[in-house]
Amino acid sequence: MAVIQKKKIKSAEIPTSSMADIAFLLLLFFLVATVIDVDTGIGLSLPEFVEDVETVEVSKDRMAAVLINENGDVLLDGNIIAIPQISKSLKPRIESKIELPANKKLIVSVKTDRKTNYNRYIQALDQIKLAYFEVRDEYSLTRFGRKYINLNSEEQEELKEKIPITISIAEPEKVK
Amino acid sequence: MKFEKKRAATKQEIPTASMPDIVFMLLLFFMVTTTLREVDVLVSFKLPEAKAVEKIENKRLISYLWVGRDQRIQINDNLVSLEEVQNIMYTKRQALPNVIVSLRIDMGTDMGFVSDIQQELRKAYCLRINYSTMVKS
Chain A
1 MAVIQKKKIK
11 SAEIPTSSMA
21 DIAFLLLLFF
31 LVATVIDVDT
41 GIGLSLPEFV
51 EDVETVEVSK
61 DRMAAVLINE
71 NGDVLLDGNI
81 IAIPQISKSL
91 KPRIESKIEL
101 PANKKLIVSV
111 KTDRKTNYNR
121 YIQALDQIKL
131 AYFEVRDEYS
141 LTRFGRKYIN
151 LNSEEQEELK
161 EKIPITISIA
171 EPEKVK
Chain B
177 MKFEKKRAAT
187 KQEIPTASMP
197 DIVFMLLLFF
207 MVTTTLREVD
217 VLVSFKLPEA
227 KAVEKIENKR
237 LISYLWVGRD
247 QRIQINDNLV
257 SLEEVQNIMY
267 TKRQALPNVI
277 VSLRIDMGTD
287 MGFVSDIQQE
297 LRKAYCLRIN
307 YSTMVKS
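Read top to bottom, the protein sequences are chains A and B. Residue numbers are given in our numbering: position 27 of the first sequence equals residue 27, and the series is strictly consecutive. Add 176 to the 1-based position in the second sequence for our numbering, that's all there is to it.
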């Protein structure tokens with residue numbers, strides 16, 4: 001009687017020593033190909049489009065009118081001002097209206113020429129935003145002892161109500 | 177006198193068997209976080225810089241609109257004319273009601289052109305916009 005023997009399986013091994021190298025190669029590829037670009041920018045809400053615009057009278061001391069002409073010169077309420085100075089002169093005006101009701105808060109109106117450079121406009125807008133952010137930070141520091149970013153969402157909402165950012169973008173004037 | 181090098185009796189090897197696992201873990205992390213560029217930007221532009229910037233938290237809501245140095249507009253993968261902006265953005269808004277339009281506009285553009293685009297966006301009811309800027313350090 002023949003003895004049935006089990007075949008001995010030769011040990012089959014995949015060499016794994018180079019696995020790390022391969023993985024590193026893949027890793028490098030993804031490291032190089034990754035673009036972690038964060039979208040940063042200045043947020044704004046446009047008004048709804050309406051055919052015939054109603055004009056509402058707004059009292060002079062609620063308004064801060066920023067005018068930028070085609071040469072990049074800036075007027076703040078009729079006075080020539082350098083762009084880096086905008087936030088400084090807006091801050092006290094925002095601060096003075098913190099305790100006022102919502103319909104008395106400051107409105108910043110930005111108006112440009114059609115030929116105004118976009119970069120100048122962004123610089124001015126940046127200054128206005130900066131003024132608001134600094135006021136918010138200072139107010140939350142005195143009230144909660146923390147900066148605005150470190151507040152919880154409820155407190156943030158409260159602060160947003162106290163210091164709302166109202167920026168009105170006027171349509172550029174047509175060149176005659 | 178004979179000098180002999182002192183050798184520690186213990187093995188001096190770092191176990192490398194788990195190295196692939198560690199590397200694969202890193203690899204997986206990068207694979208998951210990577211967003212490969214979906215669109216080719218056809219226009220050349222240089223973003224302005226600003227200090228008071230915010231991050232857009234919800235990337236899913238963003239829809240991009242590029243304006244190049246030569247005043248060409250790009251939405252998605254193709255260049256479009258100013259008149260087409262309204263229609264395209266309106267369909268986008270219908271698909272995604274609270275879309276944020278990220279405007280990547282070259283810093284040398286005239287404001288007239290920018291506001292023309294804004295008018296089109298207003299007509300398309302895309303009211304949340306974001307002027308994309310670099311962060312000034």
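What the hints contain is simulated information worked out from the structure, not anything from laboratory work. For glycine and all other residues, C-beta sits at the position ideal for the given N, C-alpha and C. Check the hints yourself; a few may be wrong.
Said to hold, decoys possible - Computed footprint of chain B on chain A; a stretch qualifies when at least three of its residues, placed anywhere within it, have a C-beta under 8 angstroms from a C-beta of chain B:
{"hint": "1", "stretch": "18-28"}
{"hint": "2", "stretch": "43-51"}
{"hint": "3", "stretch": "113-123"}
Evaluated hints:
1. 18-28: holds (count 6)
2. 43-51: Per the Cβ count (7), the hint holds.
3. 113-123: Holds, because 10 residues of the stretch 113-123 of chain A bring their Cβ atoms closer than 8 angstroms to Cβ atoms of chain B.
Violated hints for the displayed structure: none, as all numbered hints are satisfied.
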